[in-house]
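Model the placement of chain B on the given structure of chain A, informed by the hints.
Number of protein chains: 2
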Amino acid sequence: MQLLDGLSVSKTIKLELKEQVEKRKSENKKIPHLAAVLVGNNGASQTYVNAKVKACNEVGFDSTLIHLTEDISEHDLLFEIEKLNLNPDIDGYIVQLPLPQHINEKKILLAIDPMKDVDGFHPENVGRMMLNMKTFLPATPMGIITLLERNNIETSGKHAVVLGRSHIVGLPMSILLQRNHPFGNCTVTLCHSKTKNIEEICKSADIIIAAVGIPEFLRGDMVKAGAVVVDVGITRVNDASKKSGFRLLGDVNFEEVSSKCSFITPVPGGVGPMTIVSLMQNTLASVEHKE
Amino acid sequence: MQLLDGLSVSKTIKLELKEQVEKRKSENKKIPHLAAVLVGNNGASQTYVNAKVKACNEVGFDSTLIHLTEDISEHDLLFEIEKLNLNPDIDGYIVQLPLPQHINEKKILLAIDPMKDVDGFHPENVGRMMLNMKTFLPATPMGIITLLERNNIETSGKHAVVLGRSHIVGLPMSILLQRNHPFGNCTVTLCHSKTKNIEEICKSADIIIAAVGIPEFLRGDMVKAGAVVVDVGITRVNDASKKSGFRLLGDVNFEEVSSKCSFITPVPGGVGPMTIVSLMQNTLASVEHKE
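Quick mapping for you: the protein sequence lines, in order, are chains A and B. Per my numbering, numbering of the first sequence is gapless, rising by one per residue and ending at 291. Per my numbering, numbering of the second sequence is gapless, rising by one per residue and ending at 291.
Honestly, the hints are just simulated from the structure, not real lab data. Since the model is a prediction, treat every value here as computed from it, not as a measurement. Just to be clear, a hint being listed does not mean it is correct.
Repeated chains share a single entry, so a pair holds when one copy, or any two copies, can fit it.
In silico DSS-like cross-links for lysine-lysine, where the CA-CA straight-line distance does not exceed 27 Å [what the hints assert, rightly or not]: (1) Lys196 <-> Lys224; (2) Lys134 <-> Lys194; (3) Lys25 <-> Lys158; (4) Lys242 <-> Lys106.
Here chain A stands alone, though its shape is the one from the complex (with noise of 0.2 Å):
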């Protein structure tokens, strides 16, 4: 068993990002500037918002974090919006999910420029991608296929199962595992709460994406053996032993099913840091598509 190491592709696409930099900052270019707005408290998306200001900072980007009361209304929070939309200096923004109930998380993803939507959930860069068209591809599932790209993983004629069809990780992956591109071309097999025999269909595939949010969904006998395992889930689980009170457990159960197959990623330091830089090369590619 191979380890998918994303923290450590994620340090070298790092080195990549900052290089660019250097040579943008030599021929006197703009630098890439990444905003993420962040509303209220919660610990997770402060976690998530803050590893995405570190990485700006690491590689040279310019960063601004906006972060608002957990009490904004809708329409405050749709002028600030507005305002990034409008500030050439911005050349891309993520809005941290979850949002508060009060606010509709549609009605704001729709408000994004999509020319600015480096996260990719607009719907527009949602068609493009499907379409097949230069766009900005949803982080989580670009940084998969960038993981799978930087360790070699042959992906043509495979059969991949997705487990979990969100809107932001397991929808996206089926597409762009099946599309015909050199890491793509897989026929893919998408799974869900509705789906019977989950086992067997598991137990036939040779790429396995781990996406449901239940920790330790996947368990060894699940598996074929030498299958490609990545595990997107990333739960809180309380833990008394641990200073924070809780530790981090994946969709996978990495003990029974690393074992079996031939390449799985870890949590953390799997999926988690490729989403981060799958954000910093769109934004830098949305730097690039201006000039």
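Below, chain B without anything else, positioned relative to chain A:
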């Protein structure tokens, strides 16, 4: 075996549309107006466009056929598109594909106002479909879902195998079958030219959508007893015994497959008429949306 009789279902839907047009007339509301752009003299394209105009007449819609010569420039075609976008009387329009080689289809597609894109091909509408938002669904996949619905075919938890990943049939079909919807919730496997052991995958399917464009691709020994089979293919094959000089073949070997499955669409008279009524339904929805 029962026929999924698209012709019969389409007649029912046309009657429903006709009733709605008459109701609109009595309320002095706008009559839906569909336009079709046809470039050149491709025989199949002319047949399709004529069928759409005829269907408009049948249900009482206004229709406009814009027939342009094969040698029209891309620039002039874009000008025609812009006129349709700006014409408030046109509620929806389609540009019949394929277009001549010298015209960039994607450029034309992107020029269509998404609010008039009743074919559902514009990236914005494709993305909205994928995100399960209100939109114009692409006519053929929409027609197939309606056909399943009107025949009360249970889909939830079933294994649906889609053959073909085209942007206008296979890929959107896979999206619609997986979504959380009364006639969705399938476990979907999307197969294409790079798929290995396609026979085995088909044999595991409860529902098969054949959209590969290869006459009689699906044979009897590839289908499980009791499966539901939808044939999207329609290929003209030379046949000297016919007055037209050709006959139409689907992607399914009807004789072999029909003896094994529970439901099957005929060709012609299956998916084709459903595609046309879906276009009509989208055009009506377009008028209603503006009210």
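inquiry  = Checking an output row: Lys25 and Lys158, CA cutoff 27 Å. Within, between, both or neither?
reply    = Neither, since 43 Å and 55 Å both go past 27 Å.
task = Can you give me the call for Lys242 and Lys106, within, between, both or neither, at a CA distance of at most 27 Å?
result = neither (37 Å within a copy, 54 Å between copies)
query = When no copy is specified for Lys134 and Lys194, does a C-alpha distance of 27 Å or less occur within a copy, between copies, both, or neither?
reply = The answer is between: 23 Å across copies meets 27 Å, while 33 Å in one copy does not.
task = Pop the pair Lys196 and Lys224 into one bin, within, between, both or neither, using alpha-carbon distances up to 27 Å.
result = both (18 Å within a copy, 17 Å between copies)
In summary, the structure is inconsistent with hints 3, 4 from the numbered list given earlier, while agreeing with the others.
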